[in-house]
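Need the complex rebuilt from these two chains, each delivered in its own frame; the hints are there to steer you.
Chains as they are written, first to last, in our numbering: chain A, 1 to 415; chain B, 1001 to 1225.
The hints are simulated quantities; they were obtained by calculation from the structure and are not laboratory data.
One or more of the hints may lead you astray.
Said to hold, decoys possible - Restraint-style ranges between C-beta atoms, simulated for each label pair:
no. : chain 1 : residue 1 : chain 2 : residue 2 : range
1   : B       : D1097     : A       : K346      : 52 to 60 Å
2   : B       : Y1216     : A       : M342      : 33 to 41 Å
3   : B       : K1201     : A       : D273      : 34 to 42 Å
4   : A       : L246      : B       : P1055     : 30 to 38 Å
5   : A       : L305      : B       : R1200     : 24 to 32 Å
Ideal placement from N, C-alpha and C gives every residue a C-beta, glycine not left out.
Here are the chains, one letter per residue:
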Amino acid sequence: MRLLQKTNRTYFLVSGTAFLIAAVVFYFVISLFFKDQLNEKLFHDIKNITRTIKKNGALPNYYPFIETREVSAQKEQSFKAIDTLIYDGFEKRKIPFRQISLITVINDKNYFIAARDTFIEEDDLLEVIAIVTGLVFILLLVSLYFINRNLSLKIWQPFYKTLNELKEFSYERPGFRLSSESQLYEFTELNQTLEKLTTKAISDYQSLKRFTEDASHEIQTPLAVIQSKLETLMQYPGLKKDQAELINSIYVYALRISRLTQTLLLLTKIANDQFPDKKSINMAELIREKIKMFEDQILEKSLTLNENIIPECFIETNFFLAESLVINLFSNAVKHNIKSGMINIKLEKNYLEISNSGEPLPVPASKLFDRFYKTNKTYDSPGLGLAIVKEICRLNKWEINYVFEDNLHKVIVNF
Amino acid sequence: MKILIIEDEKELVGSIKNFLEKEGFLCETSFSYFEAEDSLSAYNYDIIILDLTLPGGDGLDLIKLIKERNRQAGLLIVSAKNSLDDKVRGLDMGADDYITKPFHLAELNSRIRSLARRQHFDGSNELIFNEIKINTDSNEVFVNGTMLDLTKKEFDILLYFIVNRNKVITRESIAEHVWGDNISYADNFDFIYSHIKNIRKKIEINSGRNYLHNIYGIGYKFSER
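So here's chain B without its partners, still in its complex pose (with noise of 0.2 Å):
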């Protein structure tokens, strides 16, 4: 899958585009409105991420562009917290989902790989981890073949876990990707734990495996080991 990448700020990009090319993505880079405007012109890509403040001109004008030469990709625009004009006029030109900077890259990759789904480029409304199957149309858990009987909360929270499977997320991330933006309020984290440990016990019920581990006081991290 092909990611354009539109931001102006080099050392994000280089963590961005570290980050998703681990995931397995393919990962071009435009540093300006008029290279944007250049790799737009003569390539095809599957998903854009759209900084709206560029060097050179209003990320909004480029909307315009994407819709008329990449129809089919998928717009996730990045905005500086905030600027709830931008986010709101973003969507209405026809941007699929926006993002708020800074934001976290787990939080990043989940966005583009919901975006992914809807578009369909996957192929599939599955997603799976050894025994662990998640349909996301339904908003169905199944492990080997038992559905898990999972609160919203949990079954979002284990979603974001299987997207960013094998990588280190941070409370804040999960707080944030659960909770919302304004989580940032609360003094602690704490609450997290006890979704965690139920998340943990119905996956152990059914599969004898435990897949969540702790990382040092950082977060957590879903995978074999």
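Bound-form chain A, shown alone (with noise of 0.2 Å):
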């Protein structure tokens, strides 16, 4: 819910309730105040008649509201008042009436005086009441509305400014700046904690990366001593069987260190976009090539490929990430694969669909594109194969989705 929305929405339940109260409250009153006005006016009716029977002896008589007569026993002398319904002719319906009746010695004679005047009827009253006050409430509600606008766009300005440029924010740009200004002493503060927090954000940054890289960096090159010492070592002539096997088995060790530690250098360069300069690539013709490139493996394990790939399939990317997300999703069909098992590929226009025979997976599938996660402990790879078409994925902003089908396991690149 936006800002605007939700203090609109506050204001309207607020504002709408004590309205309600208020129009009760009037009525009341209202309807108490004209009672008693009524009631001070009968009196006073009252008092005029006396008056004039007084002085003349004539009884007025304009019924309903004023009626006088001569009654034979006094019984008493106080003032009566009720309320009572009196047909009215005009509305055709019987309508509510406030009585003020008095029983009275006039020259010795006794008088009965009432006076009448209809009552404002609660219908009506309730009517006006509620149309007034509604239309206050809606005037006070749009007012409140414009009032709450002008003012988001106004004071919110730099806020959505600021959350503007947060959103181009990127760890490649050294020097993020927030240009907004404002007056008010929350924003200024915000800009500031936030600047403050990109720049160490972007530092730490920095110096991870040249971490990683610098790592990776100095860790090939004593690799590379230790690999040619080793193949120096091989060359001795008269090496027993268990020597070559000891030295073997530290050369093979060796190499994989030096393969992982280059992997994980290539995961950091993708994750820093460090492969910017894009052309336009022909998938079909790079899948194609680098299937070759698999021939002895497919034949070594028998395995049966169905190539299913349109002639031409142009791909706006960096080539080397291209060639390294097929030969990753191959290699990986080949190696999890079973003897004599299948691969299927198939490129479409805006889809690479990869599929192979294979043990389904002993844990969830999605975990299966994290780094380090290994399905199959007795494999030598480091499980970042899949961590690396992720990230080629994720840095394309290409779909990529893993689903286990008719005994197949499939990943679907979708360009």
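What follows is the structure, encoded as structure tokens:
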């Protein structure tokens, strides 16, 4: 929910309740006030009538508003106020009247004097109050809405500017600055804090990146020395079997570390987007060429290869990354296959699907693209292949999915 | 043949020098940019091995100097893996070949030999090992005068063996030489074996001798014994 929406909704709820309460109170106060006024007026009427009778003995009658008559017995002399219903000829229905009556002695005669007047009808009153409060309420809401909108446009403007600038934030661009300035203390502080945070993040990131690259590079040199020394050692004549096996074992593991650091370096470079030069690449051609690289391994495992590749499929990307993606996916399909299994490659204009037979995954598919995640501990590969594939896809904004269907492991890349 | 090795890692230089000297090359070494400058100004070399990351200066700048002073020299640059830019720039500036670090000594030897053949220092496009003769221009192999019917990969493997004759060659090195760097993604190198078997068979039919020996799980050695 947007801020403006939220405040508007709150204003609406609070002022709506307040207005409802106000209307009810208003109604009761008004009706009490009117009743009081009516009583006062009727008393006044009775006083006037009494005065007229005293003066000239005439009995004024104006039904139903004024009624006077002589009565025989004197009962009581106090005022009596009642509410009554009287039929009205115009409205053709009974309507409520307020009546104040008095039995009094004037010039030794007993008189019954009554003054009446119509109430304000409750329905009418209610209607009027509802309309008035409703109108005021709407007026208030409309003005609140405009005030809010103006405020959020003006006051919140630096906030939205900051937000937009933050969206553009990238680790790769040092010297990130927020340009918006505000008179408001809160926003100034927000910007200062954000700037501090981003500067720190960028410098941390840069040093981590430098460290990873340097570390990988620095590891390569001693490994190259170890590798060359071992290759020299292998040449010694009269090497015994167990000695040769020891040397070979060290050699194989040294190569593995070397491959691992290279792969990590590659991952870091992909993550840092250090492959900027893109060109149009024919994926179909690339795939057909890379398949050749695996011919011998396919033969060795007696795999059946089904190719369904469109003749041309041009994609704008970095050549090295495209190559890396294809090799990693394909080598996985070969590696995690079973003897006499199969590999299907399907390339369409906007997607690449590589599926292969193999044991079902012993792990959740969601972990498949994690670094160092191995499904099978017997393989020497460090489990970085799919992590590289995932990084390449992320960088190119391609979507990658894995499914296990019809006993086939399927990886689909949508370009 | 005189080779200049420009590389700052002394231990690595030691191994390379040791290996190449046994191959009959004359080796000199420079451990820094300035040493390299001195050597290049003073002497002529047939082949120069240049590591691009040097203390004291950019290896790429040395290429200019080499092209001025040692125009005839074959230039092999060594670059760290993954630094594609250096590779491309080096070749653009006139390097003849490149090799990525870490490399197999047998691979280095193979590159140098190929460079030497291309520069025609050996004066010949033929490699001879006893009754086996390889023509590197036409990619043909003769055993006792009979041409062998080899596949492209078999030819590459055999050439690699003969260039590195009498040396133990690891399976990893063969795989990377023939199938390229990316083959290291493979889970095993069993697929090499069938090619080796074929080569062995094809030579044996014509010469009656087996030169390809297994070396205790490390790899192979191409030698008389």
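Here's how the hints hold up against the structure:
Between D1097 (chain B) and K346 (chain A) the beta carbon distance is about 38 Å. The supplied range of 52 to 60 Å is therefore violated. The given range of 33 to 41 Å is respected by Y1216 (chain B) and M342 (chain A), whose C-beta atoms sit roughly 36 Å from each other. Checked against the hint of 34 to 42 Å, the pair K1201 (chain B) and D273 (chain A) fails, with Cβ atoms roughly 51 Å apart. At roughly 35 Å, the beta-carbon separation of L246 (chain A) and P1055 (chain B) lies within the given 30 to 38 Å, and the hint holds.
The supplied range of 24 to 32 Å is met by L305 (chain A) and R1200 (chain B), whose beta-carbon atoms lie about 28 Å from each other.
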